[in-house]
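Novice: For the record, the sequence lines run as chains U and R.
Residue numbering for the first sequence follows our numbering, beginning at -16 and increasing consecutively.
Residue numbering for the second sequence follows our numbering, beginning at -16 and increasing consecutively.
Honestly, I wouldn't trust all of these hints.
Treat identical chains as interchangeable: a pair holds within one or across any two.
Unchecked claim - Calculated lysine-lysine pairs in the DSS-like style (CA-CA distance at most 25 Å, straight line):
#, residue 1, residue 2
1, Lys227, Lys300
2, Lys144, Lys300
3, Lys64, Lys443
4, Lys6, Lys97
5, Lys250, Lys170
6, Lys341, Lys144
7, Lys(-3), Lys437
8, Lys330, Lys341
9, Lys306, Lys257
10, Lys300, Lys330
11, Lys341, Lys257
12, Lys443, Lys170
13, Lys227, Lys(-3)
14, Lys443, Lys300
15, Lys172, Lys250
16, Lys306, Lys227
17, Lys330, Lys306
Everything labelled a hint here was simulated from the structure, so no lab data went into it.
A quick note: this is a predicted structure, and the numbers were derived from the prediction, not measured.
2 protein chains.
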Amino acid sequence: MDVQQQLEAYFRNKREAHLEELKQFLRIPSVSAVPEHASDIRRCAEWTADAFRRAGCEHVQIMPTAGHPVVYADWLHAPGKPTVLVYGHYDVQPPEPLELWQTPPFEPEIRDNKLYARGATDDKGPLFLYVKMIEAWLQTTGSLPVNVKFCIEGEEEVASKHTPGFVEANRELLAADVVVISDTPMKEKGQPAITYGLRGLIGAEIEVTAANQDLHSGVYGGGVPNALHALTALLNSFHSDDGKVAVAGFYDTVRPLSAEERASLAKVGIDEAKIRTELGLTELYGEPGYSFIERTTGRPTLEIVSVTGGFQGEGIKPIVPGKALAKITCRLVANQTPDEVMDLIDKHIASHTPAGVKAVMRRSLRGNPFLTPIDHPVMQAAAASYEAVYGKAPIFTRGGGSIPVVEVFSRLLDAPVVLMGLSLNEENMHAPNEYFDLDNFDMGLRTLALYWEKLGNLPK
Amino acid sequence: MDVQQQLEAYFRNKREAHLEELKQFLRIPSVSAVPEHASDIRRCAEWTADAFRRAGCEHVQIMPTAGHPVVYADWLHAPGKPTVLVYGHYDVQPPEPLELWQTPPFEPEIRDNKLYARGATDDKGPLFLYVKMIEAWLQTTGSLPVNVKFCIEGEEEVASKHTPGFVEANRELLAADVVVISDTPMKEKGQPAITYGLRGLIGAEIEVTAANQDLHSGVYGGGVPNALHALTALLNSFHSDDGKVAVAGFYDTVRPLSAEERASLAKVGIDEAKIRTELGLTELYGEPGYSFIERTTGRPTLEIVSVTGGFQGEGIKPIVPGKALAKITCRLVANQTPDEVMDLIDKHIASHTPAGVKAVMRRSLRGNPFLTPIDHPVMQAAAASYEAVYGKAPIFTRGGGSIPVVEVFSRLLDAPVVLMGLSLNEENMHAPNEYFDLDNFDMGLRTLALYWEKLGNLPK
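Sequences are here, hints too, so could you generate the full structure?
Specialist: Here is the structure:
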C-alpha cells in the first residue's frame, strides 16, 4: 500500500469524525463584521489553534493584531524540502437575512451530501481540509513531505484590514517557497480551476481649477476657462477612440497573453451575449483584439469612476465652474507596478492639461497585480494533483479584481501563490444557505494529500 | 421760450417737491421676496397708481397677477404719433444686512447730492423720472408728443415670475412702437450707456446610460462601456481645441459684430489683466479673434455647467458607472433662436454619442437673445438726447446675461426696446447704502423730456 493509499484509507475511516469536527468549527458564529461577535471570534481562533495542535502542528500561537487575531502553526521537520505556507480565514460573513435559511446558519446540517452552514465553503470547509490532510500524513507516516506553515486570519470578510501589516511585520516567521490558498471557486462541479492571475488596483483624484470661484455665465461665459471643459478634455485624452488607454507607456510593461493562456481563458466559457443582455447593453466594449474575459482579467484598464463639477442641486444654474473633480482607477496586470503607472498618468496630465487651468492628481489606492506563471512547477504539480483525483485537468483562469492578501503574500514573501479552488460558485457564499459540496470535501482531501507529495518532490 | 426750456423750468421749480415725493415712494418697504411685506407691496402699487393719476395719466389700474400686481397707466391722445411703453418695477431687494447701512434703508436721506435708500437707483428713482417727465409735459403743454403706456411690475427682484404671462395675456393693451426701460447702468458718472444687446439662455440635461447599473470594475472593468467615458467624449466633442463651439451650424445665424459695434464695445473699457488677476487665472480663454467683451456679450457660448457621475461619496469606489449626467447652457446672441440651437445640439449628440451607450437630452431653460440695432431711429434719438444733456454721446454696449422681461417685450410686442441707463454701477444696487446720484436725477429728467420730443418727430 503506497502512501496515497494509506492516506485515502485514513480519510475514509475518519470521514464521520472529520465531518463532526468540521461541524463544531461551523457552530462558532465568528462574524468578523459585528462587534457583538468579538468573543465568538476569539473562541474560533482558539478552536482553530486546538485543531492545529490535534493535527500535530507545532508553535501554535494566537497572534494579536490591531483587529482580530491571526492563528499561526507550523511543522518544519522536512529539511531540504520546500516550505509551504497555507493561508485561510476563520471568520465568516454575517448570516442575515436569517429567515431565508432553510436551517439555522450556525447549526450545520448535511442534506444531499452538502454541508449547510455559514462559512461552510467560505472558508472553514476548505481550510479544514488542510488541517485534516496534514493530520493524515502525520498520523499515517509520522511526517510530512514538505515543511508547512499556517497563517489563518480572522478579518478576511472585513477586507483583511490588518493582514498586510501583520505579514510585513512577520516576514521571517512566514517565509515560504510557495503559498497555497483555497478561497476561490472551481469553474463548476467536477471541473477544477486554478486562478493564476489577479489584477492590481490604483486610484487617484484629479482636480482641475480654473477661476478661483464659480462665475456667472451671463458675465463671464465665453471669456474664461471652464473647469469642466478642461477636465472633460483631459479625461477624454486618457483613451483613444478605439478604446485603448492613450497614456504613453501604459502597456509597455504588460506581460502579453500567451497563446496557451488565451486558450485556457477561452475555456472559462464566458457567454458574452448573456452578459450583454443582463446588463441591458447593445454591445460590449473594450480594447480591440481581445475577448471579454481577456479584457477584464488579462488587460489593464483606466476607468473614470466619478466626476463631480458645477452646481449639484436640482435644475440648471448657469455658471462657469471654477473647480471640477474626477476620480480614476486603473486595474493593473503583471508586470505593471502602481508607482510606474501613477508616474505615467502624472506625465500625461502634465502634457494634456488645457491652457489656463491647473490640474493636480492625488494618489490614493495602490495594489499590485498578481500572477504565478502557469508553467511554474508548483502550478503544474497542483494541476497534476487535481487531474489525478478529479479525472480532469484544471482550467487556468485569471480574476479581474484583486484579493489584497494574495498580492501581499506574493510581494512580501516573494513566493509563488497557488489559488486552488475547492468551492463552487453556486454554494451561496455570502448568502443564505451557504454550503460545502462534500464531493469536494472528499476529493479535496485527496487532491491536497497528493499535492503535498508532489511538492515534496520539487527542488527547494 | 421753447418747450424744452419750459420743461426745464418746471423741473427746476419743482425739484424739492419732486424729491420729497420720491422719498415717499422710497419709504414704502416693497420687498417682493419676503411674504411679510405683502401689504407694503400692495401699498406701493397703490402709491405708484396715485403717482400716475397725479401726473395726468388715464386708465390707471392695479392689475392682479398670480404674484404681485402690475400697475398700468396710459395717455393716448397723440393720434398719428408713436406709442411708447415704459417698463419699470416698484419692488425692491431685501435691505439686509441692516447694520451696514449708514442711515436706515427705508428712511431716505440726501447726502452729498446722493439720495440714499433701498430702491433709490433700482428702480424707483429712474422710474420716478418718467412719471415726473410726463407730468411736466402735461402740466406745461397740456399734452405729450407721443402716446405713452406704463407697465410697472412688482416682481422684478424675484425673477419676474409672472410677468411674461402677464405681457402675453395683455398684448393688445401693451402694444407699442417702442419700449423704453431704465434699469441698466451707465458706463460711469457722466458717460451714458445704452445697452443694445443681451444674450439669450438655453439649458438642457444630457444623460448617458451604459449598463443598467454601476458595475464592479474588478469583474467588468475594461469589458463594458463606461457611462462617464462616453459622456466625457460627448461633452468634449462640443468644442474644438481652439475654443470654438463645434456643433455644426451653431454660428450660422449669429449676426456678425460690425466694425462700429466692435469700436463701441472697445469703449466699454474692460481691463482684461484686472479680470485675470481677480479670478486667479493665468490667462483668459475663448473664441479666437474676439476680445473678452466681445466673447462675453456678442458671441454665443456652450458651457458645461455641471457633471455628476459615479460614486459621489468620499474616497474611491472602483466601479464602472452605468449612468452619468451633464447639464449644459448656451448663451445665445441675435439672431439665434432657442429651438434652432437645441435642434442642432440634439443632432450633434445623435452623431457623436459613442457606440454602446444611449444619450438623451432633456430641454429646459429657453430664453431668446435680444438686440435693437444701433442704427434704429429710436436708438439714435435716445443717443442724441443723452448727448444734448450730458454733453457726451452714449456708448452702445451689450450685456452677456439675460433680462428676461426685455426679451419678453421685444418678442411679444414685436417692438424695439431701448435700455437707457440712468444708474451707476457704484450705486450699491442690491447692497447696503444703495443710492441714486441726483446729477442723474436732474439730467435724466431733461434727457427723457428731450427724448419724448424726438420720439414724437419719428414716423409712427
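Novice: Hints first: check each against the structure and report whether it holds.
Specialist: Checked hints:
no.: 1; hint: Lys227 x Lys300; result: between (35 Å within a copy, 22 Å between copies)
no.: 2; hint: Lys144 x Lys300; result: between (42 Å within a copy, 17 Å between copies)
no.: 3; hint: Lys64 x Lys443; result: within (5 Å within a copy, 110 Å between copies)
no.: 4; hint: Lys6 x Lys97; result: within (12 Å within a copy, 92 Å between copies)
no.: 5; hint: Lys250 x Lys170; result: within (9 Å within a copy, 76 Å between copies)
no.: 6; hint: Lys341 x Lys144; result: neither (35 Å within a copy, 39 Å between copies)
no.: 7; hint: Lys(-3) x Lys437; result: within (24 Å within a copy, 114 Å between copies)
no.: 8; hint: Lys330 x Lys341; result: within (14 Å within a copy, 33 Å between copies)
no.: 9; hint: Lys306 x Lys257; result: between (41 Å within a copy, 21 Å between copies)
no.: 10; hint: Lys300 x Lys330; result: between (34 Å within a copy, 24 Å between copies)
no.: 11; hint: Lys341 x Lys257; result: between (44 Å within a copy, 19 Å between copies)
no.: 12; hint: Lys443 x Lys170; result: neither (31 Å within a copy, 88 Å between copies)
no.: 13; hint: Lys227 x Lys(-3); result: neither (56 Å within a copy, 79 Å between copies)
no.: 14; hint: Lys443 x Lys300; result: neither (68 Å within a copy, 41 Å between copies)
no.: 15; hint: Lys172 x Lys250; result: within (15 Å within a copy, 82 Å between copies)
no.: 16; hint: Lys306 x Lys227; result: between (28 Å within a copy, 21 Å between copies)
no.: 17; hint: Lys330 x Lys306; result: within (21 Å within a copy, 29 Å between copies)
Checked against the numbered hints listed earlier, the structure breaks hints 6, 12, 13 and 14; every other hint is satisfied.
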